[in-house]
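Listed below, chain by chain, are the residues.
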Amino acid sequence: MKNNRLLKRLLLMTIFTSQLFIVHIAFCGVLMSSDIAKGQNESNTHMSLDEITISLEKQNIPLKEAFDLIHNETGLTFAYINSKTPLNKRVSITANNSSLKEVLLNLSKDANLSFRRVNNRIQVSKKTKDTEHFIEEIINFQTRKVTGTVLDANGQSIPGVNVILEGTSTGSVTDLDGNYIIEVPVEGARLMFSSIGYVNQVINVSNNSIVDVILQEDITALDEIVVTALGIKRQEREIGYAVSEVDGDEVARATVTNPIDALQGKAPGVQINTTSGGTFGASRITLRGNATFGKNTQPIFIIDGVIMENDIAGGWGNQIKNLNPDDFETVSILKGAAATALYGSRALHGVVLITTKSGKEGKGLGVTVSETFGVRKVYRGPDFQNEFGYGPVAGMFSNDVTNGRPDGDKHDNQQFAYYEQVGGQWVPSLQHNMSEENAASWGPRLLGQDYIDYDGSMATWDPQPNNYVDMFETGNINNFNVAVDGGGERSTFRVSYSNFMDKGVNPRNDFYKNSISVKGTNELVKNVATVGASMLYTNAQMSNPPSWAMRGEWFHDGFPRSYNLDKWRNNYKDVDGGVPYPTGSSKYMYTKKSATWFQVYENWEDRIENTLLVNAFMDFNIAKGLKANIKANVNQYSWRQENKRDATSLDRLSNASYYLGHGQRFQTTFSGHLTYENDISDKFSFNVLLGAETWTTESSYNNASTRRGFKVRQWYNLKNSFESPNTYGGYGGNKVINSVYSYLNFKFWNTLFLSVTGRNDWSSALVYPDGTGNNSYFYPSASLSWVVNESINLPESIFAKLRLSYAMVGNDTDPYNLSTGFVTQNFNEEPTMALYKFENSTAVSPNLRPEIKRSFETGFNVRFMNGRAGIDLSYYLDNTIDQIIPLSVPSESGISRQLINAGNLQNQGIEIMIDGTPVQTTNFAWDLGFAFTHNRDKIIDLYPGVTEVILYGNPSDAGAGTATYAYVGGDYGVLSTYEGYKYYEGTNTNNHDLPVLSQRNNWSVAYMNGRQNMDSLVRGGNMQPDWYGSINTALRFKGFRLQALFDMSFGGDISSGDYRYGLHQGVLQGSVENRDEKSGGIVWVSEGMGNNYLGKEYQDGYIPGGVFPDGTVISFKDRDGNTLKQNDVGGMSYQQAYDNGLVEPTHYSGYMYRWTSASTGTPIMGWHESSWVVLRELSLSYDFPSSLLNNTFINSASLSLVGRDLGFIYNSLPDHINPAITNNYAGNAQQYGSAPFIRSITFGLKFTF
Amino acid sequence: MKKSIIILLGLMVFVGCDSNYDEINTDPNVINNPPLEAVFTYVEKRLGDYKGSEWYWDNHQFMLWAQYVSGDDGNANDINNLQPRGGKYSVYYTDILSHLVEIRKQIDMLPDNDRVYYKKLIALTYILQVYQGVRVSDLYGSIPYDEAALGRREGKLDPVYDTQTNLINTWLSELKSAISILDENQEASIDMSEADFIYNGDWDKWVKCANAIKLRIALRLENQNLDLTKSIINEVVADGRLFESMDDEFTYHISDNWRGTTGASMDWKGRLWASKPMVDFMKKNIDPRLRIFYEPNGYHRATIDAINADPIADIPPVIDTINDNQVLYTTADGEDILGYRFIGAPVDRNDPDKNDYAYIENPSAVGANATQISKFNQRLLLNVSKNYGDGTGLGAFVDVFISEAEVDFMIAEFILKGYITGEDAEEWYNNGIRASIRTFNFIGEKGMLDFKISGVSYPYLPLSPAETDAYLTKPDIQFDGANDLEKVYVQQHINLYRTPDEGWILSLRTGYPKFGSTILARGYVDSPDLKFPRRMPTPDPGDLNRANWNAANQEQGLSELDETPETLNSQRLWWDLNNPTIGEGN
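In order, the protein sequences belong to chains A and B.
Heads up: take any position in the first sequence, counting from 1, add 17, and you land on the working numbering.
Heads up: take any position in the second sequence, counting from 1, add 881, and you land on the working numbering.
No lab work stands behind these hints: they were computed from the structure.
Quick caveat: nothing in here was measured; it's all calculated off a predicted structure.
A virtual CB, placed ideally from N, CA and C, is assigned to each residue, including glycine.
Hints are supplied without guarantee of correctness; some may be wrong.
As the list claims (entries may be wrong) - DSS-like, lysine-lysine: derived pairs with alpha carbons at most 27 Å apart: (1) B:K1355 <-> B:K1150; (2) B:K1235 <-> A:K1134; (3) A:K1134 <-> B:K1150; (4) A:K728 <-> B:K1412; (5) B:K1333 <-> A:K728; (6) A:K1134 <-> B:K1327; (7) A:K1142 <-> B:K1235; (8) A:K661 <-> A:K641; (9) B:K1412 <-> A:K1142; (10) A:K590 <-> B:K1333; (11) A:K604 <-> B:K1327; (12) B:K1235 <-> A:K1113.
Claimed, not checked - Computed beta-carbon distance windows for the label pairs: (13) A:P524 <-> B:G1336: 32 to 40 Å; (14) B:E1242 <-> A:R1256: 45 to 53 Å; (15) B:D1214 <-> A:R730: 27 to 35 Å; (16) A:N581 <-> B:D1443: 49 to 57 Å; (17) B:E1116 <-> A:E856: 35 to 43 Å.
Unchecked claim - On the chain A side, residues computed to face chain B include the following (Cβ under 8 Å): (18) G322; (19) P786; (20) T837; (21) F839; (22) E847; (23) Y853; (24) F855; (25) A860; (26) P907; (27) Y969; (28) S973.
One chain only, chain A, in its complex shape:
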């Protein structure tokens, strides 16, 4: 929901200090009146309406003309708000010396009006259900003073409220403390209080001399001010496209490191995917789908006019995390091209526009202090099985009698893999295998058996149900902010300091941020020139983002379900303090995951980032309506990163490493514009802007790392490099974009608004090194907004607005993409050797053009019941053409890709927002809101002869194995792999279309083989959700507010690596069946099939669903290897072959292992719909009423208790896998890295003085 109270107040403050008393003329619709009463009928002012008589005979004239005629006859003046009075409605007057009252009553019936006369003015308003065709009269010339205070619902004073004596032009305005004084008639006076964004209120003064008023916020009028492109504030009614605005305080309240996460579920059309990147890892945000095939389809962020790139980033996140939400006034989300067309190239994917808080003129000093603290906790992982402990799959055991296992146990995983003799007894032992990779939990049931642990100590074979969740620590969040703001008559300032700390749940994954912001304005020459400047400096220090590879270890490739976390987490070092792996001293040589613990607790990666945003402007009033503005801003972003890695080699030196890197990015914008505003008449006004801008970015980096280990143990310094350090460095890409832009806004009757914009960019990135290039591009937009209810006759309680827009946005490409050449290849082994090679295998087409996005949008906003309920719907159709993409070309051409213009990617969608207040009483209210988005990205066209493009991933990659594709005529984000299994097409036609089974004889398993079909691409689901949305509800009681936000997404598919490998290693609940008789396995005595032992009983039998390929012969052998029989099972399903006694059951663990493995499995089994509903936020807040604080130095105080990410109400992924994806690349549908489920609870206090 939009909540712009603070902004509105700020705006009003300006108006107030401008000493414009009749401000409503400019801002709340024009209060029209006919000419001042003329002298000839002066006497009428002392007569009642019954006494005044007129004679008039007019048929079918416009209402306005009727008023004018009566005015001419009687000298009485009609006052009305033209937007609410049907002035063009045809009426008839037939008066032959009739009383005016009679005439007015007839008019009232004809035009559905009611009239109220005060002295010589007749106020016209639309008749409501409650009013009669009523004419009220007050004729009184004695006056007296009335004073009072105007407050909002929260008890805050409202400055700048217009107080009008109804029926007159007498008015006053409240001061900074909301106080007013007005002269009113002694009797019968009624005061109308009006202010932008509040419902007008009319109060009978009666005999009171003090009239205090509480104004309710107006949510019907769309007179709200929203921040649009270039930071221009416009009334919502004027805007021909959808804008979503989030209150800055709402972002701050979430207390998250990355402000993007706080936007989740706040607005339709905004899709956010969290990643498994840890505390400060970046999330993926897309607005209205993916406009291009590129890796980054995320919106840019603009903070008070300073552009902040929203880069693709790994575990360290990007610059966005350095913003300080405490400073946010509002966050506007500009989604469509019409909204962003003025921003040019960088806004192709949308803009998140942040306006920071300012000081307020003439207010004196205000201090705001807030403190938020809380905890983060991992509350669950996926569903693990806790019945079976460590052990390899059937068929993988050693056959060796010397390990204490009798001959023939090779496939028997009811037993331990290895036994040791202790005092003549064979005891299970884990002390036997030096390989670190022993995560599989395909071993014996956990029944409390005694066994010898990795280090030779005795232990019992017990489940360790929490050994995943316990790996994480309780995180701490703390945010302290103090802001001082104020202003004199001609200046304002605000200074804010924040200290933010987030100690993540991953050990030593911490984030500390200190930010200072200063903002000020000064009116240099009164009413002529104003200067202003703002500065934000942030220093952030962060450490140890968890690599998803390592989290993969924790979850499934790390340790088995019997692993005693506390024992080994605290006991991972060898006697010399180093890593035992691979071959340490005998006591530690078998300990598992010691290298992982060493990495987690001993190695160190940290990063320091500094962000400096500086912004300065000057405003000039040149002539009436003509203004100029000059702006300059700088975004400097620098970082230092340091990685320390101890050796895992036995010499403790040769693979230790140290890395030190620095980089910086420096961006500047200089811009200026002229605006001219002309209110030609009430019917028509316009304003125009002409602007120009130059934007530059440059970046460079350098880093060095040790080579071939260290000379001295654990001295982390480049000087300790065994050989001369590796050094790297260079320019990261410099770019200049120069632009001119313009807009022209027309306003008709304050109900129809047309806005036309145009912008031309000249980008350096589209210039070839020889100076040629198609680097100039122009793009226009037009948008139309029509306030329907003020134009046609609708019930008074309905507000309706229609909007329509069409726009284009152009885009360039990354710097240096057009500049290719050769680079030297560093050959560390022979540093003096000169080697030159092509920079990369991408060639550039010689005639690249700019990318163009065309965007059509229409929608409406209707509010009912005086604004208590409303619906806002948008439909959009975007086409991005001429995309600059690196087209994959046949490698036989010597290049892998060619940079070309291609494609027509269409995004089409509907956004719906419904909100209402089902219950509202004086003290209690219940708010309810829904947001819904359906978006489809579709590929209309690619490149002649090309039907598909890979968006992300590699379809042949055996590990992850899933790529996403876009197909011409199809969707964006189709899950695809070459590792799909084959379907039977053989002689037995009854079994066609069942998967073909592979038989691994020495394992005695049959399984569907994902590597059988490697030349045919299998397409699966689609990563785009069918829809996503949120439900937001709040209960308000006096100062209390209880709010809940549910956030949901339905229908998108992902490829879950965690599910695949979790089954592979037997750690997930989904792998628990069929392992022994108790868990449903078939018990059988082997007849010697494959490598099973003749006569041995097994319990883990399973019948896979699939068909043996033609010609499959199953051999049965005795223990000496002599063939007993051979059964032809070709063309039969496993079940058929089993039913006919031709095969034995397959070992379930081997089946599961092979079907999911990287070498024989298929990623298809990890493809699942990812639909979810999350309780994203639950908060309880309390604002102390001002009455309580009246006698203190505190102006306001509030408390809040906020729970974030409280839980999944629904998660369609099997075994409760966390749907977080691996990184924020567009097109990435891969889930991996076992992000834990983390919730946070924070408590916040906020005071203003």
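Starting from the known structure of chain A, fit chain B onto it as the hints suggest.
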């Protein structure tokens, strides 16, 4: 106020006509005219350092198929399933041809005098691209060549696939022209002594290399166009410049600090062991190369003593200390390495004695858990610093692309077949064996292939000429007039151990090693034997060139999407059409 308007207007004017955009957008991190000889160096380097993925995927299979190694727990019945391909095919186009074509394009744009200066560099570019082209086409058949790698300069994205007959004609003429350019006497010619780390700009050696490549081509033509085979051989013999010493060999020795391609071990799909046929042959004839190809097991004295002292452990049956105990060699420390220290794993997955073998890999264990079967020497093949059994890993990785021994054995083969007359096959053959052992010794010494097994360190022990002399007297080695050609094939097979794709091609071309041979026998893997792929399908080039790809496959009679071993075995490439069945001999 006026000032502000002026500033604004000024800004607007300035905005539209920025003139240094090209400067801003020129990447300072790249150069456009690199020293061409340094681009050539890059290609030479690339010829060796891309091979990590080739060992991991392709060679992993050829080693198994040619039976240089054997799988864990016996060969699996899916060892004939084609794995993904390493970089050989794609690197050829995107890294090798693309740069060689670019070198020539850049030379083309030079003034006449400078073009002459670079002429010999152009000759070298052809030798490299033919050498690698043969390797690619051997496995893939028709491949783009004439129109290949023109994407960057000419935008050619749909090169046609040249048939093997066209390729061979093109290659022969390119080699011929390269040789004649290298023979030209030019006063002002580029000096490649620094940039060319293979032959240091010695044009004569490059001619020898070109001749060796011509002989490889001649071999592949034998069963399709014998006349051409003979004429190539005669051309080479007439020229007479053949590899005569180690210095002549086409050797990739880029740096004494280069340890080889890093990457995962070849054991990724289950462990690999020395194969029984190879180990048995080499043990029987005390082939000194045994100890560099494979590693001994952990059954030294201390292990045997420990087992004897252990009441429950027993010496496993495959360690036959009674009968298998001839001295293979004596280490520098004076330890006699006896026959049972090298055990090969059976290749027959149904070997009746298979259960006697314990596939235990435990390089540090002493006693019953010690490694029983010989591992293949990972540091010889992949990376000298591969951490196995705790070697120092400080040696240099040397890759011999074409060895003198390979040429010698080819000549011996041609003499025996009567294609060359007036030469003594046995002399070439014996010289080949000497050259092979000498070259492997060089690789071993450069690589410092020491290792440690079961607690005992073994410094690299050179393969001595005395051992070679003794080897040459063994009946399996010596010419006897009956099986001479087979002996040449067997020695070539052993010599190609480190280039297993060539070793596999020898099996395809000759049918040797042969099942049931009394010399070095190929073993059946299964009953009936598995069908092994004789080719690899060219990758689907994607939409832009699929038509040409379809046409090439159709012309060769190959099904495109079928990777089943049976299909890859039965559908042969042109050069392979008339070759014998694997293991059936001629």
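How the hints compare with the structure:
no. : hint                            : result
1   : B:K1355 <-> B:K1150             : violated (37 Å)
2   : B:K1235 <-> A:K1134             : holds (13 Å)
3   : A:K1134 <-> B:K1150             : holds (25 Å)
4   : A:K728 <-> B:K1412              : violated (54 Å)
5   : B:K1333 <-> A:K728              : holds (25 Å)
6   : A:K1134 <-> B:K1327             : violated (49 Å)
7   : A:K1142 <-> B:K1235             : holds (19 Å)
8   : A:K661 <-> A:K641               : violated (64 Å)
9   : B:K1412 <-> A:K1142             : holds (23 Å)
10  : A:K590 <-> B:K1333              : holds (25 Å)
11  : A:K604 <-> B:K1327              : violated (37 Å)
12  : B:K1235 <-> A:K1113             : holds (20 Å)
13  : A:P524 <-> B:G1336: 32 to 40 Å  : holds (38 Å)
14  : B:E1242 <-> A:R1256: 45 to 53 Å : holds (46 Å)
15  : B:D1214 <-> A:R730: 27 to 35 Å  : holds (32 Å)
16  : A:N581 <-> B:D1443: 49 to 57 Å  : holds (51 Å)
17  : B:E1116 <-> A:E856: 35 to 43 Å  : holds (41 Å)
18  : G322                            : violated (16 Å)
19  : P786                            : holds (4 Å)
20  : T837                            : holds (7 Å)
21  : F839                            : holds (4 Å)
22  : E847                            : holds (4 Å)
23  : Y853                            : holds (4 Å)
24  : F855                            : holds (7 Å)
25  : A860                            : holds (4 Å)
26  : P907                            : holds (4 Å)
27  : Y969                            : violated (17 Å)
28  : S973                            : holds (6 Å)
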